[in-house]
Amino acid sequence: MADKRNTTIEVDYLARVEGEGNMFIEIKDGELQELRFGIHEPPRFFEAFLKDRKFTEAPDITARICGICPVAYQMSSVHAMEDALQAQITPWIREMRRFFYCGEHIQSHILHAYLLHAPDFLGYESSIHMAADFPKEVEHGLQLKKVGNEIMEIIGGRAVHPINIRVGGFYKAPTRKQMRDIIPVLEKAREMARESCKWVATLPFPDFDRDYTYVCVHHPDEYAFSEGNIVSNKGLNIPASAFNDTFEEIHVEHSNALHCRFRDGGGCYHMGPLARIVNNFDQLPDDSKALADEIGLTRNVMNPFKSILARALETYYCTGEALRIAKEYELPEQPYIDLDVKAGIGHAMTEAPRGGLYHRYRIDDEGLIKEAQLTIPTSQNQAMIEDDLRDFVPKFMHLSDDKLQWHCEQAIRNYDPCISCATHFLNLTVKRS
Amino acid sequence: MADKPKLAIWKFSSCDGCQLTLLDCEDELLSVVGAVDVAYFVEASRETKPGPYDVSLVEGSITTPHEAELIQQVRKDSKFLVSIGACATGGGIQALKNYADVSDYINTVYATPEYISTLDKATPISDHVQVDFELRGCPIDKGQLLEVVNALLYNRRPNIPTHSVCIECKRRFTPCVMVRGIPCLGPVTQAGCGAICPAHERGCYGCFGPMETPNAASLGQWLLDKGMISEGDLVRLFRTFNSDAPAFRDASIHFEKEVQRDG
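Residue numbers (the numbering used here), protein chains in the order written: chain A, 16 to 448; chain B, 961 to 1223.
So that you can see chain B by itself, here it is in the shape it has in the complex (with noise of 0.2 Å):
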């Protein structure tokens, strides 16, 4: 017992998507939760060890100032730490908070303001401490955290592709949706999902983050002159669940002032 690893699973600012997606390993949790000492992982146990951790799995983002010290205290403990999910890399669905002003926020949608403490800007995990990998998705795929955890174990570098999820369309024959005319994010981002998108017959819409050196501006200048988006609806494209990964916020905000200088 004492050899096992152990493992912490932490949460920040998110919806619990990406913890739950351990827990919806249904066939394999029992042989996970066999191979590592699972010492802190307050959705699933009350039990909870301290730290050191061999591995702590961190989702969400950092919107809380008690997040922001918080966060401090999990990398000190942690030999290896991996964010997962797109909060977690890339601020996630909260991040559009970055793009207002908070205090707005606070008043659309608390009667009573001054009882709700919150930072100006959520922010991805790697902007506060060292990241030893990132596991990208909205929600993260089951067979990559499955392969982050195994990789660990096995002390080896995670197999996750960074290539573009177009390649996954070719991959499973799904012709490209963008022939039909709808607008599509899969060139500039990451695979990891299956392109399940483009095989239901829509537009991928970034959920996985930008891909390694994308280029977003271009993509986005070509649905513009192919007339398949307006430059509104191309804004919004880029800005929603990893609207913080550098890649897409800078092309989000080019083509808002593109917006703004046509508008």
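Looking at chain A on its own, in the form it has when it is part of the complex (with noise of 0.2 Å):
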């Protein structure tokens, strides 16, 4: 057990997370004296620019926020701007609108949970360096990525900032033939992706449970992407344009990302995968529950490590419901709804694959963005990633510095943190003084 010891862990720039993040941790005589997450992207001050700009323009803008998931900011900004404008979008664009969902979710949990998180399991510096030792399992998460991108491409144009999304449904239709070919692809990747989580179940996970506040998007009839109200597991439930009501945002100074509490001192909340599968159990298909119990990954699982599990069986799940729409696609009259101009307030959450992500936008009668606020999952999980380190150092202080230090990076990684959207953030420092 850990002795009186003194020291300091700094990190000042996080590996394998998208962006710049750092860590500073002080330890004093064997007690933990300081811990910080920062966020040290250099802001970008998207809401500012938006503001003059068409609503249309908001899903092409809003993407370039985030390499990694441009399809969540489409599709928060697309549903936002059609509540202000209370269009209507037709159940054919609803269920293209999930089926790009799908794409994003399994090119970006695939990149996450292979090539960022699972080295940290093994104790590999990159997955390139795992690779050496686990060439099939890193050769099926590359192929899985491959199908998420495709679906991307299919109705996105390309995987990154896809060009065919509008306010109000798509330019262009995918072809029946696109549609067709993508069946067989998607079915292999369902045996894949089947695969995969049960080898990320053989991974090992550190005994630490907490007990979380999870938050996410919910709807009665479907795992829920873009549509529904905000829940928690512990009695919220509440519409999208109640979010500024139930949530605040404060900036601190070691942060260039805000950081997001419950208004009401209920505290920081958790958001992502392990919130969905928690908060939506039942929406899940039989398949994708049986293999949840198979993987060991229950309705209140509440170990943050896990949450590679959790996406490991999202894929699954989004390979199904890929399938599911290929398989009953037609083609629609038009992809697209007529939109009537009118100045209003919109607001949307949606389901990014690393959490909520919260737009509201007031336009104009000419169509022009007033004001915008894009609260995202990064900001909103930065409080809780710091909660979680305050409780795990003490726990493994017993560990050497470099192992505390790789631990404390590998429970920053759990929650998927995509800096380069948090800087509307990261930087790590461990210090045993």
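Worth flagging that the hints you see were computed from the coordinates, not collected in a lab. Careful, some of the hints might be misleading.
[As the list claims (entries may be wrong)] Some chain B residues close to chain A (C-beta under 7 Å, calculated; not the full set): (1) 976; (2) 1007; (3) 1039; (4) 1054; (5) 1099; (6) 1133; (7) 1134; (8) 1137; (9) 1138; (10) 1139; (11) 1142; (12) 1206.
Beta carbons are placed, not taken as given, at the ideal position from N, Cα and C, and that holds for glycine.
Assemble the dimeric complex from its two separately framed chains, guided by the hints.
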């Protein structure tokens, strides 16, 4: 047991996260003194330069916040704009947005699980190092990731910053042939995703359970991506329009990203795949539920290191959902709805792979954006990441500095933090004085 | 191992999408990392090796005092420096702040502005150091990235066309969208994306930046004369992801003056 050690662990530029983050941990006489998880990604001021842009530009501009989850930005922005214009999309558009989101969840989850997070569990510096000993697993990961990208290319035109998304729908519908040709690819991907769940379940998970308030979008009839109320496992149930009445963003000195918490003193909250599994377990189809049981992912999972299991399971779910949509595909009369431009305020929260992404816009009667608010999953999770580390460090103080640092980095990566997003975020420092 | 060229990947102000494009080369990734020594790639690996590097791929634009210093060091440590993507080659979306008062921006986004350190302007890498090759796009194209890496491995010039998007439309038999009254920046935008926007029945929005010798003002005037676009929308069209690339910057300023004169 450790000792009355004095040490500082300082990581200036955290690896294997999207963007630039840092960590600072100071331990004095064997006690945790100070801990900060910060974001030093340069601020990019999106909310400011959205002002006086046309409402139609929001999906293309906000996509540029993040190259890893541009679909989430496009989905939250179009839903919020349609809310402002009180426009109703067609069932075809709704279905194709689900298909689109399946692609991004597969791509982003596999990128994180295989290329960024799995190396932590197995003690490799990177997936490139890991590939030498686990060639089949890395190869499977890359192939699954590619399927995610193929889905986004079919409906979005390209995988990074898709071009086929407009407020009110899509510019062009995919052809029947495109949707037919993806069916065998998805059938194969589904088997790979099942194998991948089983492999991820064999990883060693630190014994670390917490009592989380899990927040996500919930829909009674389906595993929610884009529509539904914001709920928690502790009884919260509000429409997206009540977001600002329920949550607040605060600006702390050590980070270029804003921190989020409940306004009522409820503290910080946890978003992302674990929150969705816990809050939306009943909406999973039977085969996904059975696979969850098989890999030990329960509906009350509280170990943040098991987020990689949740990502693997959601990947499996998404291959099945995309397959269903591809098989039922029919061409629409028109892939978008016509819009009447008028002044209004619109809200939406949709589920990015790493958690809920809230957009709010006020537009004028010419369709110009007058106010924009983008509250992103990583800033919402940022306070919880620090909270996890504050709990984790004292429990794992017996580890050497190197090992403690690595485990703390892994604990941060549990959240798949997307720092490019968060600045509208990360840099790790451990100090034992 | 010692003979493999050392590759470094750097990130400045950006969305990570161009780095991701390298990881998106799923079929080629393991061959690429087999052919080079990935010495610095923080997004993918905890292990970082010190310079000098044979090739540096640089993503992002320069927006903070720290970045302005770091790029000088990256140049010194790199034999060959390639800037990748619209942020690195044309300022990126964050260069929109060049048209505004930054203190207004900080006040809009952050409750405690004194915590924020930023430069007045977001600028391309070539404004700061000598760049050996620029790869365009928001995001860059996977095939073009592989071509650049391949060319550098074999010590030849990358084969990246500098003609307009129009040529790509012709090659894929896409009928011109302007025939149907849809405004398009294809005639003044560099090829490389595969002309995907016109193929999806929308106009090109210029994410690959200006082509070689574009006449952006002439295209803009023609779109206005044909009644395809309003002056305000035209300014916005030139002012997106390459707004600090000279041809698009000058055109947007030119038409902004028209708006002010008419307004």
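Verification of the hints:
1. 976: holds, 5 Å
2. 1007: It holds, given that the least Cβ distance between residue 1007 of chain B and chain A is near 4 Å, below 7 Å.
3. 1039: With a minimum Cβ separation of about 22 Å from chain A (threshold 7 Å), the hint on residue 1039 of chain B is violated.
4. 1054: holds, 4 Å
5. 1099: Given a least distance of 4 Å, the restraint on residue 1099 of chain B holds.
6. 1133: At 15 Å from the nearest chain A Cβ, residue 1133 of chain B fails the 7 Å test, so the hint is violated.
7. 1134: Given a least distance of 11 Å, the restraint on residue 1134 of chain B is violated.
8. 1137: Nearest chain A Cβ about 10 Å off; hint violated.
9. 1138: With Cβ-Cβ at 15 Å, over 7 Å, it is violated.
10. 1139: violated, 16 Å
11. 1142: violated, 10 Å
12. 1206: Interface hint status for residue 1206 of chain B: violated (20 Å vs cutoff 7 Å).
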